[in-house]
Amino acid sequence: MIGISSSCCTSGSENKSKTPYDLTIAFIGNPSVGKSVFFSRLTGVGVEVSNYPGTTVALKRGIVKARGKTIEVIDLPGIYSLGVANEDEKVTKRFLIEDRPDIIVNVLDASRLERNLYLTLQLLELDIPMVVALNQVDLAADLGFLVDADELSELLGLPVVPTVATWGIGLDEVMLVALAEQGKTQEHHRVRYSQWIRQALSSLDYAFPKIPPSVKIAALLNDAEFVELCCMPPEANALLSSARRLRQNLEMEHGISVPDTVARDLYGEAGYIVDSVVSRFEPKKNLRERIDAILTSPNFGIAVLVSALLLTFLLVFRVGGFLETWIVNEVFEPYVILPAEAATSDMPPVLRNLIIYSLRGVEAGFAIAIPYIAVFYAILSIFEDSGYLTRAAFLLDNLTHKLGLHGRAVIPLVLGFGCNVPAIMAVHALGTRREKRIASVLISLIPCSARTVIILGLVGTFVGFWPAVSIYVLEVIIIVGVGWILGKSLPGQRSGFIMEMTPLRKPELKSTIRKTWMKSREFFYIAFPLLLVGSAFLGVADALGLLSIFQDFVEPISVGLLGLPSFAATALVFGILRKEMALQILAVLAGTANFAAVMTPVQMYEFAVITTIYIPCVATIAVLKHELGTKDTALIVTFTIFLALGVGILIRVFGPSFL
Amino acid sequence: MILMHIDRFEEYLETILYLIRKNQGPAKTKQISEELNVSPPSVTEMIKKLYSSGLVEYTPYQGVELTEKGTDQAIRIKRKHQVLETFLVDVLDFDRKEAHKEACELEHAVSDAVLERIYEFLGSPEYCPDGNPINIDKNNIRREEKFIPLDEMEEGSSGKVARVTLPRETKERLISLGILTGEDIEVRRKQKQGCISVIAVGSEIALGRDVAKKIFIAPKSKSV
Chain A
1 MIGISSSCCT SGSENKSKTP YDLTIAFIGN PSVGKSVFFS RLTGVGVEVS NYPGTTVALK
61 RGIVKARGKT IEVIDLPGIY SLGVANEDEK VTKRFLIEDR PDIIVNVLDA SRLERNLYLT
121 LQLLELDIPM VVALNQVDLA ADLGFLVDAD ELSELLGLPV VPTVATWGIG LDEVMLVALA
181 EQGKTQEHHR VRYSQWIRQA LSSLDYAFPK IPPSVKIAAL LNDAEFVELC CMPPEANALL
241 SSARRLRQNL EMEHGISVPD TVARDLYGEA GYIVDSVVSR FEPKKNLRER IDAILTSPNF
301 GIAVLVSALL LTFLLVFRVG GFLETWIVNE VFEPYVILPA EAATSDMPPV LRNLIIYSLR
361 GVEAGFAIAI PYIAVFYAIL SIFEDSGYLT RAAFLLDNLT HKLGLHGRAV IPLVLGFGCN
421 VPAIMAVHAL GTRREKRIAS VLISLIPCSA RTVIILGLVG TFVGFWPAVS IYVLEVIIIV
481 GVGWILGKSL PGQRSGFIME MTPLRKPELK STIRKTWMKS REFFYIAFPL LLVGSAFLGV
541 ADALGLLSIF QDFVEPISVG LLGLPSFAAT ALVFGILRKE MALQILAVLA GTANFAAVMT
601 PVQMYEFAVI TTIYIPCVAT IAVLKHELGT KDTALIVTFT IFLALGVGIL IRVFGPSFL
Chain B
1 MILMHIDRFE EYLETILYLI RKNQGPAKTK QISEELNVSP PSVTEMIKKL YSSGLVEYTP
61 YQGVELTEKG TDQAIRIKRK HQVLETFLVD VLDFDRKEAH KEACELEHAV SDAVLERIYE
121 FLGSPEYCPD GNPINIDKNN IRREEKFIPL DEMEEGSSGK VARVTLPRET KERLISLGIL
181 TGEDIEVRRK QKQGCISVIA VGSEIALGRD VAKKIFIAPK SKSV
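Top line first, the protein sequences correspond to chains A and B. Under the working numbering, the first sequence has 447 at position 447, and the numbering climbs by one with no breaks. Under the working numbering, the second sequence has 8 at position 8, and the numbering climbs by one with no breaks.
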């Protein structure tokens, strides 16, 4: 059994010639070490975001040309270790083993070097040529750490380049050094494990001489996935079962836990390295710590948080709303839609609608992307870069916990009031799938600014101020209720709240602009296809008279069950394209913008509530599908339809006694 | 002894042991009745029976103490409970609450031989998933717990992580952030009800209450 020739960890290099690139460089590092800034500065515009096959983990790929070579650069997700704790770690590990990049650039945060080195030491065992980018050396200096890069390079056995990614310092050098390392054999530093682990490893060495040490460590840690990726099945099984015996032996006879011991050895090593390369000095007493203490103090901290959230909300709402109106009324309607309508007036209605509606789809995209996504991400990136986001999450975890969510989810939830689309895009950072799902459902129910237009324009104007406010109260009750139920019932590991608090620092304008731009562009990629197809389909359906058939078809529900005017159903269909369009179309179909003349207060109230709940708009559906996949998106859409129906019926029954 | 009563006896002994360890003194009748959700008169009734079997001693206004024989039995049953609970949680993937309930039933039925096999199969763990020690020293049942859960630590205090009773994935996550047995941590921030943050390997990590509850710390004496 042992004689089977090993194909271990060598498969990657053979098929390299098939790729059109001369070289592949992978960026890897802990979360929030500035890796993405690094990456986006390097690649500029040509980034392609794709999910790793079979997962929702996003990999960013870009192409860089340097010294006449075409280099593929890949931004791996931020991880703390090569373990099995979450999907990001598994994907990274699989990528490193299966695709085996030519060079790894490991981005380290100099201010948290010791913890960052944990991952570095694990990476070293893979024996892939590596370059360390020692990032945020400026922040480290502020906090009182000076790192000797040459000494670190000496100890690790690989090149170390100090960088400040936000200022672009050292980036070119990292790339040049990485290029120079191609094909070289590096003498990597090896972790010296403690006695028991070494003994176990050497007995594995005896039985499996050809398998590299990294795989043996993985086997000892019972990381079956890693072992199976590296070895042929019979050998993998043999190795795993030998390792299991050794591990059980260690745990029973000597009472030591193998994972803990290995981790302690790695940290011990990291500590030793840090002691030899870092010189500490007392940082000048600065405001930072005092501000930091205030930000999470029991009373004042909450006050700051509430005002920050309110301010953000107002900004997204006001600035976003203003920009949206401007884009729609001042740019698209006069310069795009009207001329297009004039130009297509002679065409057959199907073609005409196809063109006009597609343009409306584009309009909807711009009206969401530029004002809301851009404003939202500008603010979010300031929160993130300054380190405040983690403090806010720290304060709020207790509250959101009741909704089955982490503190981190509060920001997207609150900002969902501006626009659901960026809020759902921000869900990506939440960790487990369970939380992403809960947060996405809740966000889809939050009355965004477009729904506010309906609530205020219909109920606020024609029914009254307090009824309009009551819709918000109702919505919040529904959201809390749904969150509570989902939190209780949704399967999946209820992972505890564990989050690294990033040091406070001044946000950089450049990085804010860059992130805002990246996210807006991402939205265009994700949402535009669906927006265009959806709008075009709606246009054609309208031209072919399908909408009136639909209107008749759902009449038993819309009129019979809900008691709405029959044309309301058509308005609701248009609301899917862009929520406030429901109101515009309602006015067109009613033949008047004075809704009080054609609808009762209860009908108006009911219509407003239904539009806020039923089916998220097309752009939201597009991002939902991107984050959660088709099945969950379909579930959410169906759920909102039934929820809207249920609430609508309740309003019809109980509404008259209030309005 | 009537067979039917054995379960009940064991239930009482276990509760009394728990209360003695908690009180660091005799168990009060009122506490027992609250713990087991029975009326005080029936507690008194039962204690009389236990007394006549030589398992407990009772001093009015003081409370109930275990005799040597009683301690033996109580520890045995307690140990069964912890081992079964560990088995249900770690191997069969039950959640804690269910496991506790099931263990309460099973502990009376399982034989010592079966239990020892299970204990060996589990790799002779020292602590059950709730962080309670499985092997209690019968000569020192009141031994003070030296470890305190992280969520009861004061802001600014520090100590060494003594044990972590969390599922594997969470444990791994903590390990990769530098929180593992044997490592020093310092409590940096603490909210009254909510999160707690610690400094581990030079960086600050925020933890939710339910995570912090399952991390046990051997505190360092304040004087440095």
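Incorrect hints may appear among the rest.
Below, a list of computed lysine to any residue pairs in the SDA-like style, where the Cα atoms sit at most 20 Å apart [as the list claims (entries may be wrong)]:
| # | chain 1 | residue 1 | chain 2 | residue 2 |
| --- | --- | --- | --- | --- |
| 1 | B | Lys22 | B | Lys49 |
| 2 | B | Lys160 | A | Lys515 |
| 3 | A | Lys488 | B | Lys160 |
| 4 | B | Lys192 | A | Glu555 |
| 5 | B | Lys49 | B | Arg8 |
| 6 | B | Lys192 | A | Ser297 |
| 7 | A | Lys488 | B | Asp93 |
| 8 | A | Lys402 | B | Asp93 |
| 9 | B | Lys220 | B | Gln193 |
| 10 | A | Lys402 | B | Lys22 |
| 11 | A | Lys515 | A | Ser297 |
If you're looking for bench data, these hints aren't it; they were derived computationally from the structure.
Status of each hint after checking the structure:
1. Among the hinted pairs, Lys22 (chain B) with Lys49 (chain B) is inconsistent with the structure: their alpha-carbon atoms are about 24 Å apart, more than 20 Å.
2. The hinted pair formed by Lys160 (chain B) and Lys515 (chain A) fails the criterion: a straight-line CA distance of about 40 Å is larger than 20 Å.
3. Taking the CA atoms of Lys488 (chain A) and Lys160 (chain B), the gap is about 34 Å. The hint is violated against a cut of 20 Å.
4. Restraint check for Lys192 (chain B) and Glu555 (chain A): not satisfied, since their Cα atoms lie roughly 55 Å apart, outside the 20 Å limit.
5. At most 20 Å may separate the alpha-carbon atoms for a hinted pair to count; Lys49 (chain B) and Arg8 (chain B) meet this at roughly 11 Å.
6. The suggested pairing of Lys192 (chain B) with Ser297 (chain A) holds, with an alpha-carbon distance near 10 Å, which does not exceed 20 Å.
7. A C-alpha spacing of about 18 Å is found between Lys488 (chain A) and Asp93 (chain B), which places the hinted pair at or below 20 Å, so the restraint holds.
8. Between Lys402 (chain A) and Asp93 (chain B) the alpha-carbon distance is near 24 Å, which puts this suggested pair outside the 20 Å criterion.
9. Note on Lys220 (chain B) and Gln193 (chain B): the hinted pairing is violated, with a Cα-Cα distance of about 24 Å set against a maximum of 20 Å.
10. Of the supplied pair hints, the one linking Lys402 (chain A) and Lys22 (chain B) is violated, its CA atoms being roughly 30 Å apart against a limit of 20 Å.
11. In summary, the hint linking Lys515 (chain A) to Ser297 (chain A) is not supported, as the alpha carbons are separated by about 30 Å, beyond the 20 Å threshold.
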